[in-house]
Amino acid sequence: MGFVRNIPSTSTHHSLSDLVFPLVSQRLPHRRSLNTSPRAGGEGAQPLSAFASSTSSSTASSSPSLSSSQERTGSPSLGDLVRPDFPILHQDVNDFKLVYLDNAATSQKPFAVLKSLSEYYETYNSNVHRGIHYLSSKATDAYEQARVKVAAFVNASEPREIVFTRNATEAINLVAYSWGLSNIKSGDEIILSVAEHHSAIVPWQFVAQKTGAVLKFVELTTEEVPDIKQLKGLISNKTKIVVVHHVSNALGSLLPVDEIAHWAHAVGAKILVDACQSVPHMAVDVQELDADFLVASSHKMCGPTGVGFLYGKISLLSAMPPFLGGGEMIADVFEDYSTYAEPPSRFEAGTPAIGETIGLGAAIDYLSTVGMQRIHDYEKELASYLYDRLKAVPKVHIYGPAPTSTVHRAPLCSFNVENIHPTDIATLLDEQHGVAIRSGHHCAQLLHRRLGISSSARASLHFYNTKEEVDVFIEALKDTISFFSSYL
Amino acid sequence: MSSAAARPFPGELIRGLRSVAEPRSSFVSFRRLSVVSFPLAFQWFSWPKSRSPLRPVRSQQPQQQQQQQEEAVDLAILPQGLREIISLFQSVSDPKAKYQQLLHYGGRLPPLDPRYKTDEHRVRGCVSQVWVRAFPDPGDPAAVRFEADSDSALTKGLAALLVLGLSGAPAPAIARIPPEFVHLLGLRQSLTPSRNNGFLNMLKLMQLKALQLYAQGGGDPATNSASGEEIASSDGSVGSVITEVPVGREANSGVNGNRVDHRPALTSIQEVSEVNLDAVDDISPAPTGGSGGRAARIRERLQRELLPLELELEDISYQHAGHAGVRGSSDGETHYNLRIVSKEFEGKTLVKRHRLVYDLLQEELQTGLHALSIVAKTPSEVGMK
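Top to bottom, those sequences are chains G and H. Heads up: the first sequence begins at 31 in my numbering, then just goes up one per residue. Heads up: the second sequence begins at 1278 in my numbering, then just goes up one per residue.
One or more of the hints may lead you astray.
To be verified - Simulated pairs of lysine to any residue, SDA-like, Cα-Cα distance not exceeding 20 Å:
id: 1; chain 1: H; residue 1: LYS1394; chain 2: G; residue 2: SER484
id: 2; chain 1: H; residue 1: LYS1629; chain 2: G; residue 2: SER512
id: 3; chain 1: H; residue 1: LYS1375; chain 2: G; residue 2: GLY464
id: 4; chain 1: G; residue 1: LYS259; chain 2: G; residue 2: THR241
id: 5; chain 1: H; residue 1: LYS1375; chain 2: G; residue 2: PHE514
id: 6; chain 1: H; residue 1: LYS1629; chain 2: G; residue 2: SER515
id: 7; chain 1: G; residue 1: LYS127; chain 2: H; residue 2: PRO1372
id: 8; chain 1: H; residue 1: LYS1629; chain 2: H; residue 2: ASP1371
id: 9; chain 1: H; residue 1: LYS1625; chain 2: G; residue 2: TYR517
id: 10; chain 1: H; residue 1: LYS1375; chain 2: G; residue 2: GLN462
id: 11; chain 1: G; residue 1: LYS127; chain 2: H; residue 2: ARG1465
id: 12; chain 1: G; residue 1: LYS410; chain 2: G; residue 2: THR399
To be clear, the hints were calculated from the coordinates, so they are not data collected in a lab.
With the hints as extra help, turn the sequences into a complete structure.
In structure tokens form, the structure reads like this:
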């Protein structure tokens, strides 16, 4: 199994113990790297420049493919190559090397992003759009440059179609309050799936309550994936908007958003895509999807917390009333009324999270340098590996569809172990093994209720995780299960 | 609700230390062996104050913090039951064994009657479901008893620990318990107040319910929640209420007198050494059973049964003379360090070895042996043939 695999050759810390106790000592090279700066000697910079490809996310990467056979012969995986860029990964928790598998909750940040944040605050922090002095125009330029980067990242037709918000949740609320309240009336229908994140459901509940519209939910198939046929059947000329996730944060499944958009548009309905779990992991093209609205959060894509964005077709945004009122989003202000700015400013009231937005731009630069296609290919492998190893553990049930040769899963698994509460599993994995996973309902109570459970455990990977870490997780899980089983 | 359920038998508790998993994965035992085997032979005689000689490779700082936290809790204000639990946890130093201990407690907790699984009894802030119920002790109106349940094994263990530690104490004593006591157990438990802190919320709910009962003088809790809320101060802090509640001598002595019947006995020594340390100047002479010669008896027993190649027994009772569970016992003979090397330990996990030793010393445990810290090695582990 994975125990006897050679250590990837980026590590120069081979020792006899690596051969004798491969699994234990595979952790040691990283432990020792704590004492040396991971960026020293350009070890961090080197892997990136070696694979610098075009920044366009849709270009096929020319870098070598990472088949598992290549890994076994010792060539480093993408995870091994990028790990030195992420300082937070190189630490011990509870006396064990940290294995961070909670990326669907939030991702870690590379030095490039951290550097851009401190550079902003140290050298050019200044309020944007208002001042005319040097610092302020530098900050404004960087802020607007970030907007351009995001627009290019998702292939928006122009930067004005990107509105910066606090996070994806705020972006959905923006659409609900601004577009929803002025376009939806009593009797209209809003289509959601039971697998949606609470942030995609609750704002539409507000809209339904205020307008008298009706929420319709798409149920799961026996494969535990939203029923696309049922969704198609639910779309009618009463439908005003369809709200769906691109990739499910619990089921790991991908929805055919382009097809759904097609059906929605055929009846004059809009589509809002929750791309929180897709934008960080694959190239997302809003033109291909023909999305009307698309939302994502910076903190899940290696950017700082405190910023997210809404993509909206400029024709839609131009017709929408403001969401939050205040400075920046106005044109002229009088006693009784004001006139408003054009989008995107219309929807960006007050001083934004300037540094953080610039940090998001740096994250996008970093991701683009690695290459979204390369990230996606690697994560497909990780996803299969995780699924296969987890499935092989007795008494484990994984939720969501099984991957097929044509349809793959995201690199995350929500699962339960027979007779053991997921919180117990997660607690011991953390306390006794340093493995960080999540337990709870993952902001998807509807989904859990449909699956007949109150909570589940979830391990979610990102491109800086490795198969070795999956091995550590699986062994830790087996150990934890046997601990509880023998007690029970 | 049978009262027997609230009194786990001492033997069963010790047995609880044994009913543990054999770690199957060589992955785990490699690490443990490689870390634990060497430093102990040289360190344990110095018996660090933090009482955790077997704790491997933890960085110094948390240990110092823990020491400070431990020292900050005045053991004297904790109910007897809780002190005993703390002591038991401290005599088990391997973190995994502590979890096993916790699971054992949870396993001893009887299921809660479904009619009490309501929102009124639900503890907020747990990812798992937890319910807690308080009711007056049928035999002693001044004392409060608890029941609890949870669908998560570890949470149930924590709940059981609280149930066992708090049941039988009077409400004011319960309300005075500082949450920091949990640090003494050596479990990693955050005390950050947040809506997600299950342990903290469990303790606070139990304290609140105890006070509600106290306010009614033992009436039906369900009808008197209003007065309970009046007592609880507006900032929700239960602890700050206590200063306003008179703690009468009569109440205490009433509890004193009844203690022997209602306090959950966690180790048998409690049945023997009954000291109510809530009233500090009321130290009753306690029959301890420490009749001298315990060390010799222990040695003799272990020699006979385990044929050890090395046996070292150190009476460190003097180090514990000040703390609550021991005060009132005479002549020490309550706490020992044991180091024993025997072929009998071959093929046995750490916990199985400890269980073997405890089994052999049952009689001592029942007559005043309070805690035994064991280093149990096989000859090959210490480099002997």
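Query raised in the report: Does H/LYS1375 pair with G/GLY464 here, judged by a C-alpha cut-off of 20 Å?
Result: holds (17 Å)
Query raised in the report: Given the proposed pairing of H/LYS1375 with G/PHE514, does the C-alpha separation stay at or below 20 Å?
Result: holds (13 Å)
Query raised in the report: Are G/LYS127 and H/ARG1465 close enough, with their CA atoms no more than 20 Å apart?
Result: holds (17 Å)
Query raised in the report: Under the criterion that the straight-line Cα-Cα distance not exceed 20 Å, is the pair H/LYS1629, H/ASP1371 satisfied?
Result: holds (13 Å)
Query raised in the report: Is G/LYS127 within 20 Å of H/PRO1372, Cα to Cα?
Result: Holds - the C-alpha atoms of H/PRO1372 and G/LYS127 are around 17 Å apart, at most 20 Å.
**Report entry** Proposed proximity, G/THR399 with G/LYS410 (alpha carbon, max 20 Å)
**Finding:** Measuring from Cα to Cα gives roughly 19 Å; hence the hint holds.
Query raised in the report: Taking 20 Å as the top limit, are the C-alpha atoms of H/LYS1394 and G/SER484 close enough?
Result: Between H/LYS1394 and G/SER484 the Cα gap is close to 16 Å, so the pair holds against 20 Å.
Query raised in the report: Given the hint that H/LYS1625 pairs with G/TYR517, does the C-alpha gap stay at or below 20 Å?
Result: holds (17 Å)
Requested in this report: Sort out whether G/SER512 lies within 20 Å of H/LYS1629, counting only the CA atoms.
Outcome: It holds: about 16 Å lies between the C-alpha atoms, which stays within 20 Å.
Query raised in the report: Between G/LYS259 and G/THR241, is the straight-line Cα distance small enough, at 20 Å or below?
Result: violated (28 Å)
Query raised in the report: Taken at face value, is the distance from the CA of G/SER515 to the CA of H/LYS1629 at most 20 Å?
Result: holds (17 Å)
**Report entry** Pairwise hint evaluation, G/GLN462 against H/LYS1375, where the allowed Cα distance is 20 Å at most
**Finding:** holds (12 Å)
The structure shown violates just one earlier hint, number 4.
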